[in-house]
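Trainee: For chain G, the structure is supplied; the task is to place chain P on it using the hints.
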Amino acid sequence: MAIEVKNITFSYPNSQVTAVENVSMTIEKGERVAIIGQNGAGKSTTVKIMNNIYKPTKGTVTVDGINTKNKTTAQIAPHVGYVFQNPNDQIFNDDVTKEIDYVLRYWKLSEEEIKRRREEAIDVTGIRPYLEMHPFDIPLPIRKFLTIAVVVAVSPDYVILDEPTAGQDLWGCAQLRTVMDYLQSKGKAVLTISHDMEYVAENFDRIIVMAHKNIIADGKTKEILYRPDILKEAHVKPPLSAQIAQAIGIRTKVLNLKELTAAIS
Amino acid sequence: MGVCIEFQDVSYAYPLTRKAAVRHLNCQLETGKCYGVIGPNAGGKTTFCNLMRGLCPNFYGGILKGNVLVNGKNLLEWEEEELSVQIGYVFQDPFAQVSGIKETVFEEIGMGMENLGVEAEEMIKRIVEIAKMVHVDTLLQKNPLALSGGQCQRVAFASILALNSDIIVIDEPTSQLDPEASNDVFEIIDLLKKQGKTVIIAEHKVDLLAEYCDEIIAIADGSIIAQGSAREVFADPVLREKGVRIPQVVSLALEMEEAGTPFCRMPITMEETIRMLKEKKEGK
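One line per chain: the protein sequences are G and P, in this order. Mapping of the first sequence onto the numbering used here: residues 1 to 265, in sequence order. Mapping of the second sequence onto the numbering used here: residues 1001 to 1284, in sequence order.
Only chain G is shown next, with the shape it has when bound in the complex (with noise of 0.2 Å):
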């Protein structure tokens, strides 16, 4: 069971340049796989298009076997969820419930299914203090949990993340790991794009490095941070204690500060 991407390239309609250029990867179930890179690498575009909210110029993606060619958003929508990089551009309804019901309901789902998984999704993401608030003013960062929710709702097998750092504190960090651990525990694949590398180094195995449209490196997350000439070309800095200990000549791979501490003492 993966989502197996095969050579895809893509271009934004009426745009002259390609968006992702021949890119290839495979996310299998139960993993969890950071994507990192720069503005621009083609991060966001390679995953709209796993999604199926793009279909591929040329290429292939299949979903467990399933071509999406032929299939529509909503079609793969049940089996690949995509939360957006910014809240805004995925609430439509005026009421917290009603987001979070909405496909439920249109998949007609019984009243009490659909509030179990209600219940659920509001607990994991830690919403619920905001169930009362119109969705958008409940602050930008707590916005974002809402739309998560709306994932952990539709429990799709493959939760693909842009961005989900981005303006959180520590209470939103928090929860976003109670929210990985909570997929991770129900099967579920977690693809993250992120610029965070802390994050990133202490929530996945493995690592997808994009640049200038392509991918550029693929492996295992503490291989991937030492390895100075691609980090350096995809334009990502290491995690601060990796850059420390570099600097201070220790020759183990620390990852955070309690490496480095132990590193150093």
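Just so you know, these hints were derived from the structure itself, not from any lab. Bear in mind the structure is a predicted one, so any value in this text is a computation, not a measurement. It is possible that some hints are incorrect.
[What the hints assert, rightly or not] Taking lysine-lysine pairs in the BS3-like style, the calculated list, with each CA pair at most 30 Å apart, reads: (1) P:K1194 with G:K237; (2) G:K55 with P:K1142; (3) P:K1242 with G:K258.
Mentor: For chain P alone, coordinates are given in the frame of chain G:
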């Protein structure tokens, strides 16, 4: 140095809410300094910024108690047009700031100046200059609504810089940007500081704030819990109690202390930390 913004026992509640968003704020901001505003989300950072710019209460309504003074004059006595020139405000959500009525980035950046009646020639010169400065010069002919999050954030920033205000308030300028672009934003902020502007930035990237800001103001649960130099504020245990993010190098110093090998003083930047660690190593 003169005081440009002063809060005198300011409390404010948004309309239809029972709880005040901020309570009893007292602080003075000096002309030409760069201030970093930190704290948990929904703790009052944006409201603090909105108050300086008069969006609370002029735009949002609600109840304001106490006085906010901008260049010595009460906020409520300022004409809105004058205040908008005195204080440039970059919104947290860049998509909320882009006007939506201009067809190119070029016009979008020029819109504020257009409203102020700046001469066409001067306007074009400034648009081109500022576009280069924030790296949107290749986007000038694009539609503002077709930009990526990072691009839109730069354009929103550019359109405020174009107004050349003396006080610039920026609410989370880097939330949509990659690390390199975030550094660019702080370089621009540094440039503004050198031009003598007063800059107020609400941000979660505390590592960058520690490096660039003269003073840090920490706000949590609607109150100012600490104000002072980065070194003082980030070392204050009240931040950790209230769940306020601290720079990683400060966390490292605390970890080292716990491990029984403390630094001689609290480091604030990475360079400083590396230097101190090297000295420590040689000292052994």
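Trainee: If a hint holds in the structure, say so; if it doesn't, say that too.
Mentor: Going through the hints against the structure:
1. P:K1194 with G:K237: holds, 27 Å
2. G:K55 with P:K1142: Judged against 30 Å, a Cα distance of about 24 Å means the pair holds.
3. P:K1242 with G:K258: Status holds; Cα separation ~22 Å.
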